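Here is how the chains run, residue by residue.
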Amino acid sequence: MNGYAGTILRIDLTKFFIKKQPLTIDFARNYLGGTGFCAKILWDEIKERIDPLSEKNIIVFATGPITGTIFPPSGRYVISSLSPLTNIWCESHAGGFFGPELKYAGYDAVVISGKAKEPVYIFINDGNVSIVDAKELWGLDTFETTNKLLEKLGFARVACIGQAGENLVRYACIMNDKYRAAGRGGLGAVMGSKNLKAIAVRGKGSVKVANFNKFMSIAENARKKYTKGKWGIAAQESLGRLGTPALVEAEQEIGRLPTKNHFTGIFKDYESIGSIAIKNRFRRRRKSCFCCAIQCKFLSSIEEGKYKGYSDGPEYETVFAFGSNCLNNNLESIIHANFLCNRYGLDSISTGKAISFAMECEENKLISEGIEWGNEEKIIELIKKIALREGIGKLLAEGTMRAAKKIGKGAKKYAMEVKGMEISGQDGRPHKSCGLVHAISVRGADHLRALSSLDELGYDDVVKERYPKEWKKILELRSESGKGKLIVDMEDLYAIVDSLLICKYGTMWPPIFYFNDFAEIIPALTGFNEYSRVEHVRKVAKRIALLRRAFNARLGIRRKDDCLPKRFTKEKMPSGPAKGEVVNLNLMLNDFYDYRGCRRDGLPKKDVLVKVGLEDVAKELGC
Amino acid sequence: ASRITVLNDDFFDYAIACKHCAKPVCMDVCPTNAILKKGEVVTVIEKKCIGCALCIEACPFGAIHIYKNVAIICDLCDGNMECVKVCIQNALKIFKVGRIGENRRARITRRLKRASEFHAIGQIPPLEVKK
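Protein chains in written order, with this note's numbering: chain A, 1 to 623; chain B, 1 to 131.
Since the hints were made in silico from the structure, they are not lab data. Since the model is a prediction, treat every value here as computed from it, not as a measurement. It is possible that some hints are incorrect.
[What the hints assert, rightly or not] Cross-link-like lysine-lysine pairs, in silico, DSS-like; alpha carbons within 25 Å at most:
{"hint": "1", "chain 1": "B", "residue 1": "Lys68", "chain 2": "A", "residue 2": "Lys208"}
{"hint": "2", "chain 1": "A", "residue 1": "Lys611", "chain 2": "A", "residue 2": "Lys47"}
{"hint": "3", "chain 1": "A", "residue 1": "Lys204", "chain 2": "B", "residue 2": "Lys19"}
{"hint": "4", "chain 1": "B", "residue 1": "Lys85", "chain 2": "A", "residue 2": "Lys214"}
{"hint": "5", "chain 1": "A", "residue 1": "Lys413", "chain 2": "A", "residue 2": "Lys579"}
{"hint": "6", "chain 1": "A", "residue 1": "Lys20", "chain 2": "B", "residue 2": "Lys68"}
{"hint": "7", "chain 1": "A", "residue 1": "Lys208", "chain 2": "B", "residue 2": "Lys47"}
{"hint": "8", "chain 1": "B", "residue 1": "Lys85", "chain 2": "A", "residue 2": "Lys208"}
{"hint": "9", "chain 1": "A", "residue 1": "Lys47", "chain 2": "A", "residue 2": "Lys365"}
{"hint": "10", "chain 1": "B", "residue 1": "Lys96", "chain 2": "A", "residue 2": "Lys204"}
{"hint": "11", "chain 1": "A", "residue 1": "Lys384", "chain 2": "A", "residue 2": "Lys260"}
{"hint": "12", "chain 1": "A", "residue 1": "Lys224", "chain 2": "B", "residue 2": "Lys85"}
{"hint": "13", "chain 1": "A", "residue 1": "Lys204", "chain 2": "B", "residue 2": "Lys47"}
{"hint": "14", "chain 1": "A", "residue 1": "Lys230", "chain 2": "B", "residue 2": "Lys85"}
{"hint": "15", "chain 1": "A", "residue 1": "Lys224", "chain 2": "A", "residue 2": "Lys208"}
{"hint": "16", "chain 1": "A", "residue 1": "Lys56", "chain 2": "A", "residue 2": "Lys40"}
{"hint": "17", "chain 1": "A", "residue 1": "Lys15", "chain 2": "A", "residue 2": "Lys117"}
{"hint": "18", "chain 1": "B", "residue 1": "Lys85", "chain 2": "B", "residue 2": "Lys96"}
{"hint": "19", "chain 1": "A", "residue 1": "Lys384", "chain 2": "A", "residue 2": "Lys135"}
{"hint": "20", "chain 1": "A", "residue 1": "Lys225", "chain 2": "B", "residue 2": "Lys47"}
{"hint": "21", "chain 1": "A", "residue 1": "Lys279", "chain 2": "A", "residue 2": "Lys306"}
{"hint": "22", "chain 1": "B", "residue 1": "Lys85", "chain 2": "A", "residue 2": "Lys228"}
{"hint": "23", "chain 1": "B", "residue 1": "Lys47", "chain 2": "A", "residue 2": "Lys228"}
{"hint": "24", "chain 1": "A", "residue 1": "Lys148", "chain 2": "A", "residue 2": "Lys117"}
{"hint": "25", "chain 1": "A", "residue 1": "Lys225", "chain 2": "B", "residue 2": "Lys93"}
{"hint": "26", "chain 1": "B", "residue 1": "Lys19", "chain 2": "B", "residue 2": "Lys47"}
{"hint": "27", "chain 1": "A", "residue 1": "Lys115", "chain 2": "A", "residue 2": "Lys135"}
{"hint": "28", "chain 1": "A", "residue 1": "Lys19", "chain 2": "A", "residue 2": "Lys47"}
{"hint": "29", "chain 1": "A", "residue 1": "Lys224", "chain 2": "B", "residue 2": "Lys93"}
{"hint": "30", "chain 1": "A", "residue 1": "Lys40", "chain 2": "A", "residue 2": "Lys611"}
{"hint": "31", "chain 1": "A", "residue 1": "Lys409", "chain 2": "A", "residue 2": "Lys394"}
{"hint": "32", "chain 1": "B", "residue 1": "Lys48", "chain 2": "A", "residue 2": "Lys19"}
{"hint": "33", "chain 1": "B", "residue 1": "Lys47", "chain 2": "A", "residue 2": "Lys570"}
{"hint": "34", "chain 1": "B", "residue 1": "Lys48", "chain 2": "A", "residue 2": "Lys204"}
{"hint": "35", "chain 1": "A", "residue 1": "Lys570", "chain 2": "A", "residue 2": "Lys560"}
[Claimed, not checked] If you want a taste of the chain B side facing chain A, the calculated C-beta under 8 Å gives, among others:
{"hint": "36", "residue": "Asp10"}
{"hint": "37", "residue": "Gly62"}
{"hint": "38", "residue": "Tyr67"}
{"hint": "39", "residue": "Val84"}
{"hint": "40", "residue": "Ile88"}
Note that the Cβ used here is the ideal one computed from N, Cα and C, for glycine as well.
Only chain B is shown next, with the shape it has when bound in the complex:
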């Protein structure tokens, strides 16, 4: 089974995979301690997993499957993400948590800077158009 799932409907396509939370709830609820956090990555020790599906209940994103009685969680392909490589629309990217915040701040700063430039010459800035 795939470790990433795509949900789609008329107006959305949404890819769901493990977000490798800083404090994974799935790890907390696992009765056999089969889910561990190795560095940044949430991993399942398949020998220990008993397929009880408690982690599925706990995960707020619905990112876990049970296949052949073992929990399946995105393992980031050991750092060599196949899904990111094949996404031809560049919709999938990999970021560290710190980078997400930085990117967001940079985007807001860019917008403010642009607005202030227009403000200086007394014009309303046009809407930022996504390319």
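Same shape as in the complex, but just chain A:
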């Protein structure tokens, strides 16, 4: 099958049962891959609210048609499951080399169910799949696990969990290739609950494409767009040269750098934690994911002192979470925090947010643990405590929503979360559409499902081209009108991006690829000729986006859950360029639901579902 490996691997850890299921052409045609596959599989198998850490939950590793081909950012894969942090849909994407290797081994998706009695790891060597005892790996961190497995297996790509995943920290992540994290949503805890320590993959196969010559020229063009021209040069200058921490300076400028647990949007010491400081002081070498043309990854090391060590990153989200968010201006401690999070297997955004939540509770005398703002030693100590569930770490490891409930006494207003997931490194008050994105995103407060950089950075030529009627409204950064259409369009676009599985760099920023590019890529890659019509690509995008939404709706997610913390909707921004702004969410939500094809209470409409070919979904939802 062109563009696909052609097999879905099913592993039941309770019965030690391995089954290879052929990928049907209709399934591939309708759901394309990646998040589309995950959405369909999860929709079919999880029909009601269950405990995400019980053996009833399943975890899906999926690749898309582009994964493993020569198209520039093709190293990504997706992990999806019911999240222990939010109890609803969760998908988490990661780069590196694991995804392509999985596809070369011959699998489009791996579905893992059940629960092993004792710690195991899975070794996939092309056609041979084995479940191996992992007692000696249990209790090791992600680096040691990867190194031990590499020693044992020779050459392999490893995705594993650290101590945080074993201890069922609700925001533990899965690390692949040592440094690439499928971070958000606590998928590491799901793996830990199944007693699954790691998955090692070795694949020697290849991916066939439908139209080789056309696909090669498309890939060549894409590479040119990434390295030359207006967008290419901009991408190389910021992402290539400085990596994602370049955002620290950019966000500070527009007053969106979350500071002091989202109290404000500007941080006075931003320069000491910014990208230039990282580059000059600690950055050692540039790295890259599989087949990438931007190459924004880098390795940084601290040679001496108490924070000695080396690790990839830190990325922007980590810098803000342990830096400005905790009022910490010590860069070495941030790099060490990143290093610890990688080793224990913790999501650095949620960890940073849990710590800043504890700091704000301490300030308001709700807890007394001696955690003041900006105390870098406490931050490092807390990371260890959270990963090992010791002392106050036991409380924080449950996530801010649950911790706030346990503390009580109004701690809820310091928990910066939506649907249970901690808010990522943006702020809705200076950038109104971003507030909407945090509220409506299917996996909780998250920027990667629908965030738009078009209005944020004012790319008027792109906006005019894409939305010829509404461009004026969309370009107004601080106004609530017209944002529904923009965000629905972005959610659809990212649904396709997450299904093909290319990087957000290239679609979110710089805005290079759009539906018409995908209408060219997909037929050349898979031979599905109906995708050469842009309307069809949009229809499939809508199908995937609505199926994820319907999955949540079946679990009882409605308008009341699409909300923001009071800090964003009631407290005015105290300083910075966006002084005095709040998010007027209801206005934007109505707009969003109308364009999304949902009723005003958040449930997808029947005729919209039927139109995109989801009749059975409409029937089951009973809308």
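The hints should help you fit chain B onto chain A, whose structure is shown.
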């Protein structure tokens, strides 16, 4: 399967492909004479190959794979190297054996020349910085 492999770890990324040796050992050990040297290029005659993996054992660089029971060796894409074209960091280049020596000699000469210039004015030359 790809004819070029990248190995990577924390501090290195290293691309491994056939070096098209002047006296290929893989050719010597092949029991069916499936590996030949056509001009400068080591080639596998896929019909003759029996997939015995002796060449993998023999290759000092680990540049050979077996895929679907046939030895896979870099064939230089018939002179139109795709990997060199797509390498955006210009880390991959193609040289004839003679050119590698020439380049090395030229580099040393440049360094000596610079040193002698500084020596003439009585200064220690600064270290050559890679761009």
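Right, here's what the structure says about each hint:
1. As the CA atoms of Lys68 (chain B) and Lys208 (chain A) are separated by approximately 15 Å, the hinted pair is consistent with the 25 Å bound.
2. Between Lys611 (chain A) and Lys47 (chain A) the CA atoms are separated by roughly 23 Å; this keeps the pair inside 25 Å, and the hint holds.
3. With a C-alpha separation of about 21 Å, the suggested pairing of Lys204 (chain A) with Lys19 (chain B) holds against the 25 Å cut-off.
4. Distance restraint check for Lys85 (chain B) and Lys214 (chain A): the Cα-Cα separation of roughly 17 Å lies within the 25 Å cut-off, and the hinted pair is therefore satisfied.
5. Restraint check for Lys413 (chain A) and Lys579 (chain A): the C-alpha separation of about 21 Å stays at or below 25 Å, so the hint holds.
6. A threshold of 25 Å between alpha carbons decides the hint, and for Lys20 (chain A) with Lys68 (chain B) the separation of about 20 Å falls inside it, so the pair holds.
7. Under the criterion of a C-alpha separation no larger than 25 Å, the hint pairing Lys208 (chain A) with Lys47 (chain B) is consistent with the structure, at around 22 Å.
8. Restraint check: the Cα-Cα separation between Lys85 (chain B) and Lys208 (chain A) comes to about 21 Å, which is no more than 25 Å; the hinted pair holds.
9. Using a Cα cut-off of 25 Å, the hinted pair Lys47 (chain A) and Lys365 (chain A) is violated, with the two alpha carbons roughly 42 Å apart.
10. Under the criterion of a C-alpha separation no larger than 25 Å, the hint pairing Lys96 (chain B) with Lys204 (chain A) is inconsistent with the structure, at around 30 Å.
11. Proposed proximity of Lys384 (chain A) and Lys260 (chain A) is supported: the alpha carbons are some 21 Å apart, at most 25 Å.
12. Among the hinted pairs, Lys224 (chain A) with Lys85 (chain B) is consistent with the structure: their alpha-carbon atoms are about 11 Å apart, no more than 25 Å.
13. Between Lys204 (chain A) and Lys47 (chain B), the direct Cα distance comes to roughly 21 Å. Compliance with the 25 Å bound is thereby established for this hinted pair.
14. In summary, the hint linking Lys230 (chain A) to Lys85 (chain B) is supported, as the alpha carbons are separated by about 21 Å, within the 25 Å threshold.
15. For the given pair, Lys224 (chain A) sits about 23 Å from Lys208 (chain A) by alpha-carbon distance, which is consistent with the 25 Å threshold.
16. Simply put, Lys56 (chain A) and Lys40 (chain A) have alpha-carbon atoms about 17 Å apart, close enough for the 25 Å limit, and the pair holds.
17. Annotation: proposed proximity of Lys15 (chain A) to Lys117 (chain A) holds, straight-line Cα distance about 10 Å (limit 25 Å).
18. Under the criterion of a C-alpha separation no larger than 25 Å, the hint pairing Lys85 (chain B) with Lys96 (chain B) is consistent with the structure, at around 17 Å.
19. With a C-alpha separation of about 22 Å, the suggested pair Lys384 (chain A) and Lys135 (chain A) falls inside the 25 Å cut-off, and the hint holds.
20. At most 25 Å may separate the alpha-carbon atoms for a hinted pair to count; Lys225 (chain A) and Lys47 (chain B) exceed this at roughly 41 Å.
21. A hinted pair counts as satisfied when its Cα atoms are at most 25 Å apart, and Lys279 (chain A) with Lys306 (chain A) qualifies at roughly 20 Å.
22. Under the criterion of a C-alpha separation no larger than 25 Å, the hint pairing Lys85 (chain B) with Lys228 (chain A) is consistent with the structure, at around 15 Å.
23. Restraint check for Lys47 (chain B) and Lys228 (chain A): not satisfied, since their Cα atoms lie roughly 43 Å apart, outside the 25 Å limit.
24. Note on Lys148 (chain A) and Lys117 (chain A): the hinted pairing holds, with a Cα-Cα distance of about 22 Å set against a maximum of 25 Å.
25. In summary, the hint linking Lys225 (chain A) to Lys93 (chain B) is supported, as the alpha carbons are separated by about 22 Å, within the 25 Å threshold.
26. Our distance criterion of 25 Å between C-alpha atoms is met by Lys19 (chain B) and Lys47 (chain B), whose separation comes to about 23 Å.
27. The suggested pairing of Lys115 (chain A) with Lys135 (chain A) holds, with an alpha-carbon distance near 15 Å, which does not exceed 25 Å.
28. The hinted pair formed by Lys19 (chain A) and Lys47 (chain A) meets the criterion: a straight-line CA distance of about 22 Å does not exceed 25 Å.
29. For the given pair, Lys224 (chain A) sits about 19 Å from Lys93 (chain B) by alpha-carbon distance, which is consistent with the 25 Å threshold.
30. Only pairs whose Cα atoms come within 25 Å are accepted, and Lys40 (chain A) paired with Lys611 (chain A) is accepted, the gap being roughly 17 Å.
31. With a C-alpha separation of about 19 Å, the suggested pairing of Lys409 (chain A) with Lys394 (chain A) holds against the 25 Å cut-off.
32. Annotation: proposed proximity of Lys48 (chain B) to Lys19 (chain A) is violated, straight-line Cα distance about 36 Å (limit 25 Å).
33. Simply put, Lys47 (chain B) and Lys570 (chain A) have alpha-carbon atoms about 75 Å apart, too far for the 25 Å limit, and the pair is violated.
34. Taken as a hint, the Lys48 (chain B) and Lys204 (chain A) pair is honoured in the structure, with Cα atoms around 22 Å apart against an allowance of 25 Å.
35. A C-alpha spacing of about 17 Å is found between Lys570 (chain A) and Lys560 (chain A), which places the hinted pair at or below 25 Å, so the restraint holds.
36. For Asp10 (chain B), the interface hint holds, the least distance from its beta-carbon to any beta-carbon of chain A being 6 Å, beneath 8 Å.
37. Hint status for Gly62 (chain B): violated, given a least beta-carbon distance of 10 Å to chain A, over 8 Å.
38. Interface hint at Tyr67 (chain B): satisfied, since its Cβ lies 6 Å from the closest Cβ of chain A, which is below the 8 Å cut-off.
39. Because the closest C-beta pair between Val84 (chain B) and chain A is about 13 Å apart, greater than 8 Å, the hint is violated.
40. Taking 8 Å as the C-beta cut-off, the interface hint given for Ile88 (chain B) holds, the closest approach to chain A being about 6 Å.
The structure fails hints 9, 10, 20, 23, 32, 33, 37, 39 (numbered hints given earlier, in ascending order).
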